[in-house]
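Protein chains in written order, with numbering that gives the first Met the number 0: chain S, 0 to 256; chain U, 0 to 340.
Keep in mind that a hint or two might mislead.
To be verified - Just some of the chain U residues that point at chain S, by a computed CB distance under 8 Å: (1) Val-31; (2) Pro-35; (3) Glu-37; (4) Ile-38; (5) Asn-40; (6) Gly-44; (7) Phe-46; (8) Asn-223; (9) Gly-228; (10) Glu-230; (11) Thr-231; (12) Thr-234; (13) Leu-235.
Unchecked claim - In silico lysine-lysine, BS3-like type, Cα no more than 27 Å apart, as pairs: (14) U:Lys-7 with S:Lys-121; (15) S:Lys-128 with S:Lys-207; (16) S:Lys-73 with U:Lys-45; (17) S:Lys-177 with S:Lys-27; (18) U:Lys-7 with S:Lys-68; (19) S:Lys-20 with S:Lys-177; (20) U:Lys-241 with S:Lys-73; (21) U:Lys-151 with S:Lys-69; (22) S:Lys-61 with S:Lys-128; (23) S:Lys-61 with U:Lys-7; (24) S:Lys-68 with S:Lys-20; (25) S:Lys-20 with U:Lys-45.
Keep in mind the hints are simulated off the structure, nothing from the lab. From the three backbone atoms N, C-alpha and C, an ideal C-beta is built for every residue, glycine too.
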Amino acid sequence: MSGILHVENLTCGYDGKPVVKDVNFEVKLGDFVAIVGPNGCGKTTLLRAIAGLIDPHAGQIKVRKVPIKKMSRKEIARRIAFIPQMMEPVQGFTVEDLVLMGRTPYMDRFAFETDDDYDISKWALEELKIEEMAHIPVTQLSGGEFQRVAIARALAQEPQVLLLDEPTSHLDLRFQIKILRLLRKIRRTRSIIATFHDLTLASKFCQKMVLIKNGEMIAAGKPHDVLTKENIWKAFRIKAEVKTNPRNKRSRYIMIP
Amino acid sequence: MKRSQKKKIIATGILSVILIMVCLLSVLFGAVFLTPDEIVNSLWGKFSGFCSTNVYVDIIIWQIRLPRIILSALVGMMLAISGTILQGVLRNPLADPYILGVSAGGSIGAILAMALGLEFWFLGISTVPIFAFLFAIAAVFIVYMLSNTGGKTTPQTLILAGVTVSIFASALLSIIIIITGDLQSIYFWLLGSFSGSDWGAVLAVLPYALIGFGVAYFYSKDLNALLLGEETAYTLGVDVEKVRRFLLIVASILAAATVAVAGLIGFVGLIVPHFVRLIVGPHHKLLIPLSALTGMLIVVIADTIARTIFAPIEIPVGIVMALFGCPFFLYLLRRRRTYIK
Chain S
0 MSGILHVENL TCGYDGKPVV KDVNFEVKLG DFVAIVGPNG CGKTTLLRAI
50 AGLIDPHAGQ IKVRKVPIKK MSRKEIARRI AFIPQMMEPV QGFTVEDLVL
100 MGRTPYMDRF AFETDDDYDI SKWALEELKI EEMAHIPVTQ LSGGEFQRVA
150 IARALAQEPQ VLLLDEPTSH LDLRFQIKIL RLLRKIRRTR SIIATFHDLT
200 LASKFCQKMV LIKNGEMIAA GKPHDVLTKE NIWKAFRIKA EVKTNPRNKR
250 SRYIMIP
Chain U
0 MKRSQKKKII ATGILSVILI MVCLLSVLFG AVFLTPDEIV NSLWGKFSGF
50 CSTNVYVDII IWQIRLPRII LSALVGMMLA ISGTILQGVL RNPLADPYIL
100 GVSAGGSIGA ILAMALGLEF WFLGISTVPI FAFLFAIAAV FIVYMLSNTG
150 GKTTPQTLIL AGVTVSIFAS ALLSIIIIIT GDLQSIYFWL LGSFSGSDWG
200 AVLAVLPYAL IGFGVAYFYS KDLNALLLGE ETAYTLGVDV EKVRRFLLIV
250 ASILAAATVA VAGLIGFVGL IVPHFVRLIV GPHHKLLIPL SALTGMLIVV
300 IADTIARTIF APIEIPVGIV MALFGCPFFL YLLRRRRTYI K
């Protein structure tokens, strides 16, 4: 399978100070990539750079071999969708209104939503199994429901790459699993990159993992190769016990305080 | 949204009909009360080409009342659109058409024209509006330059720069007033009035009103995206910085044009967008046309009251709007508690 997204020698940050340093990785179609690492290591900055929200100091990001630097905002928005950690629910918007906003990059200046845009929004709602919520005001939703609406909105952008910043961080266990299952289904036709704090959850649902510390990539690859005892110590300064299921190579991590 | 499409057409239709009826009714009232008969005759006379017999009535209707009503409608529309744009772009509910220094710059321009005796007539137009317009635009330009750091601006710095420049300008204004000692003319100018309306003023602001409306309407997608936050707007393909600059310019030109022809008129630009948002929600595709119509309606009604209630003395239109509008708006605000969150 061909690579959709290439992050090449990426160095980026704020006010000239690099936060992410010389990061390289490739994302293929159908990949679900987890970016993990301690707080402040540059996970979110990396996602923001891929989303085109900050300009790299060095290196580049390519979608299907085209650098995003050469694309217009609209062109980027048709390829990459970004779901920030906290999105403010807009007073007075229904779920459908919000999901339709995902069609913004496809609309011309002098045109408004077409039937196609409605159909695609409906499809996005169905993918996330929230079609019955279409006419509910977004301010009435719970955190888990709103997260699904946010993902549906991103999906309506028909992106090739879906970026999520800590999609499970303020959800209860049931919704964490629910969201990850939905994402696992969605990734079949595109690529997903998400940041996580829960290593066990991340390694259970993702095929690829990037471990970052102080903006530098410590390891990348299959979760059970990345999350070794040594790497966890290197990144988090925490002793961990790794229990690997020999059948499916899935690991669980028990932190030793 | 397909539902809101229908909602939009119905709401726009109803408001337009009300607006036309209010405008026609407004022609009846004034220092001299006309009968519906006289108006119908005069209007019919003009459109059918037959001259109406009463020249006196003709002059009141065609030279005094109609230009005034149309001008007040246009100004109401421009202020309402300007306020809607600025509240959206600056993501601040307290933003109004004057927040970026339009009022301050406009006042200085007007008083300079009056104080320096430049109030001569040039091609049939007084220079006061021209000075007011140019100084208002200059003030916004200064505010934008002050808040621009490295090609980027934030709503917060824009608002702070706007407020600061406004305070500075009003200090200058006070000094000019003290030096010239001419309090009366600037005071009446500052209060805002449509008493000097003529067809020239109508024609002068009409292009701004139409273009301003068109721009606002076709940028409603971008304004909607901004509701989700700047960052999300970027990832939806909206070039926030560029859109913001463009819309700030458009909103400020709209406000400056109203300042030039009618002075400072508060309330409409701040309250009308909120008022419409309370009723139809934050969707700009709906909000822009309905705000425009509501702005027109409110200013026409307020100006009709302003010029009739104590006729022949006129009270400033902004005061009428504040007196009647504020209690009504507060009532609405309290009824829809969720709006304040």
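Item to complete: Would you list, in rising numerical order, the hints stated earlier that this structure does not obey?
Response: Violated: hints 1, 2, 3, 4, 5, 6, 7, 16, 18, 19, 22, 23 and 25.
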